[in-house]
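Peer 1: Produce the complete structure using the sequences and hints provided.
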Amino acid sequence: MSRTRRCRMDRLARWAMGGALGILGIAFAGLLLSVVMRGLPHLRPSMLLADGQGGGIAHALVGSLCLGAGASVLALLLALPAAVALQRAYAPPRIAEAAALVLDLLWGTPSIVYGAFAFLLMVWMGVRTSLLAGILTLALVMVPVMTRAMTEAFRSLPPELWEQATALGATRGEITLKVALRQALPGLVTAFLLAFGRGIGDAASILFTAGYTDRLPGSLMDPVASLPLEVFYQLATPDPTVQSRAHAAALLLLILVLGVTLISRALARRASRHRL
Amino acid sequence: MRVDRRWGDAAVTVLARGALFLVFGLALVLGLTLLLRACPMLGSLERSTLLGSAWAPAQGSFGLRTFLAGSLAVTVLALGLSVPLCLLSALYLSEHASRRLRERVQPVLDVAAGVPSVVFGLFGVMFVVPGVAALGRLLGVPTTGYSLLAGGLVLALMAAPFTLSVALDVLLAVPMGLRETALAMGATRWETAWHVVLREARGGLLVAVVMGFARAFGETLAVMMVVGNVAVLPTSLFGPAYPLSALLANTYGEMMSIPRMEGALMSAALLLFLATGAVSCAATLVLRRMRRLG
Amino acid sequence: MTHIHIKNLHVAYGSHTVIEGLDLEIPDGGIVAILGPSGCGKTTLLKSLNRLLDLHEDVTVRGSVLIDGEDIYAPGSDLLALRKKVGFVAQRPFPLPMSIHDNVAFGARLHELPTVADRAATSGTVERHLRRAGLWEEVKHRLDAPAKGLSIGQQQRLSLARALAVEPEVILADEPTSALDPLSVRIVEAQFRALRQDYTVLLVTHILRQARRLADYVIFLYDGHLVEHGPAETFFNAPVDPRTQAYLHGEIS
Chain X
25 MSRTRRCRMD RLARWAMGGA LGILGIAFAG LLLSVVMRGL PHLRPSMLLA
75 DGQGGGIAHA LVGSLCLGAG ASVLALLLAL PAAVALQRAY APPRIAEAAA
125 LVLDLLWGTP SIVYGAFAFL LMVWMGVRTS LLAGILTLAL VMVPVMTRAM
175 TEAFRSLPPE LWEQATALGA TRGEITLKVA LRQALPGLVT AFLLAFGRGI
225 GDAASILFTA GYTDRLPGSL MDPVASLPLE VFYQLATPDP TVQSRAHAAA
275 LLLLILVLGV TLISRALARR ASRHRL
Chain Y
13 MRVDRRWGDA AVTVLARGAL FLVFGLALVL GLTLLLRACP MLGSLERSTL
63 LGSAWAPAQG SFGLRTFLAG SLAVTVLALG LSVPLCLLSA LYLSEHASRR
113 LRERVQPVLD VAAGVPSVVF GLFGVMFVVP GVAALGRLLG VPTTGYSLLA
163 GGLVLALMAA PFTLSVALDV LLAVPMGLRE TALAMGATRW ETAWHVVLRE
213 ARGGLLVAVV MGFARAFGET LAVMMVVGNV AVLPTSLFGP AYPLSALLAN
263 TYGEMMSIPR MEGALMSAAL LLFLATGAVS CAATLVLRRM RRLG
Chain V
574 MTHIHIKNLH VAYGSHTVIE GLDLEIPDGG IVAILGPSGC GKTTLLKSLN
624 RLLDLHEDVT VRGSVLIDGE DIYAPGSDLL ALRKKVGFVA QRPFPLPMSI
674 HDNVAFGARL HELPTVADRA ATSGTVERHL RRAGLWEEVK HRLDAPAKGL
724 SIGQQQRLSL ARALAVEPEV ILADEPTSAL DPLSVRIVEA QFRALRQDYT
774 VLLVTHILRQ ARRLADYVIF LYDGHLVEHG PAETFFNAPV DPRTQAYLHG
824 EIS
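Same order as they appear, the protein sequences are chains X, Y and V.
Per my numbering, the first sequence starts with residue 25, numbered consecutively.
Per my numbering, the second sequence starts with residue 13, numbered consecutively.
Per my numbering, the third sequence starts with residue 574, numbered consecutively.
Source of the hints: derived by calculation from the structure; they are not laboratory data.
All clues given are correct.
Computed footprint of chain Y on chain X; a stretch qualifies when at least three of its residues, placed anywhere within it, have a C-beta under 8 angstroms from a C-beta of chain Y:
#, region
1, 28-35
2, 58-68
3, 108-118
4, 135-141
5, 195-207
6, 226-234
7, 273-285
One side of the interface only, derived from the structure: several residues of chain V facing chain Y at Cβ under 10 angstroms:
#, residue
8, K657
9, K658
10, L669
11, R735
12, A738
Think of the CB as a built atom: it goes at the ideal place given N, C-alpha and C, for glycine as much as any other residue.
Peer 2: Below, the structure is given as structure tokens:
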């Protein structure tokens, strides 16, 4: 009697759980499909080759790539050594825990706050909105993402690696440079790509700092366009031909970010297959 | 030769420690700068203005209460919509789904978590806002569609992949033997999930939700594109709201031209920084303590 | 007493066969030890008796297991009733995330047994089963404390109490002492010995001496096949099959 009721409840719960997953799946499929359907007709070569004045989005694509590449290289210079310093051989547990907390704090900080912070510094130093300012700001956003992921990459190395290498008489520095870096390389590349993907899609931080323009970036001190801001600004205009730039930019941005994610996953998978 | 090696080792150490020090410094400088810049508005007299709900920069009123309420309303609504869906989905994946389905869903979650926020905003403007407007017409509520509800929906969708993937990790960490124990006593799958798995995982799940909260609270573009941005206390799902992050994004340009506005906006930034920072740190500490207790 | 009859049982994980064509009638009552070298299918055999194997995705089971004449693998058979009748004690204790008291009451509450109909009845039931598992004296003052705070030995006795509270007729125990210290092993073994009058206990073990101490009847598996079975006395003193002899002499383990 009550057993049938319990079984019915079980079935009901199963439907509810499956249904929830279905709803999320459909919502996301709808999102991706709508961006693709709206963007695809506009994503022609002419759109990709012309800058804003020619009715294209080349300026935004180039701007985003410059911002993303510049910022991720800059972030790498800080994140990689910081992650090295957080390896077990360098950091006592207490320092590592404190650092994890600080990284969480920075990782959780909204990018608009980084934007506001960088804007303050720019005003203070008298710098205008520019590619350079955008790169610096975006690097701030990327540092915690990259450091956390790189720390993980080092953490996943077997501790025996250190023991063996130490037994052979290598110094910590030598082990780091010649063994740990090489062994963790796939994880480090994944971390780099993860941060790059996060940064290239971020708009709130560069809203104040990189500015916006219709042209290709000429120098580090010029304002620069970016794909997310292209979407943001052009969508607000009433002119449908200008709006089409927003849709094309959104699709291009999506392709870039998803491409980077997929590449980094594939790398991680291959690396895990080659390791033990 | 030997001296060279020792120097090289020392150089690596100094370089690495220096970078770590810089990261610590970044957090400190970030917090201090915001605090210093917000300082002019944190005196006792000005504080009462900040805590008020009037926003009229030209008249010198910088009440942030409306915006704080806007942020909270959108975030809570978003979590209210996405957390139950994510928990149920995660339970389906951990308790019922085949390993093959699980292995297919996980990369999709990674990818979905990486979709930039403007893309969600674009989707919101194209579909969610008109949808909310149509719903309003159906219910006889006047609305433009740019509303708290639209913001909540977009943000819920945006928070879902992250929350779901953390929740799934937490549920999969529950040992299989615990499930076997309950099932072997004659519990149904659902009873096992509800009484045992969820209970065992509750700490980790709480952390997942809290981290989702921190991310949603500071989210800017996606929300700002659909939420209406009218500085009124949010009272209706179909009415507009104005979160803190959108305030910052919309008014930074005027910051320098109106006296005391910089202090007000930096107070808003400080509020965002502290709220999200405190929440993510608390989550980490809770998680660490739970691990220690086993 | 419940009667278990296994007919031509085949179990495979994917393409890997673990149990092949096993026919066996298990005697009612007493402790039945399932012996054999590791990887021979002992645990699989045990878990096939309460259909815990269903949790594995790629497992296939052929043949039939009759419990009181009903085939538990027949379509539409009542899984919950089966698992109420057949209790299970795992290798490691896995305390449920709740108090000691609720751990014991959990299963009985699910099945809405009269023994947990109200508060007074429940505390009586909890005490009775904790006593049977030999744990009552150690925990009677902290029944509301989380079960995770107990030592491993105590946790294992708790999982015995928890299984008994569902009022099973058969108890399956999968190497229940392998994670325990020698002292706890002695206590748990004593509890099992006390159960032999009222239950059929199927005990998987890889410890020969434990089987000698406890078993009334022995089943010896080797590489997925049933090699030999019989009353403990005959099994240990006059084994027939050369593989059993080799095993008893410690030549294979």
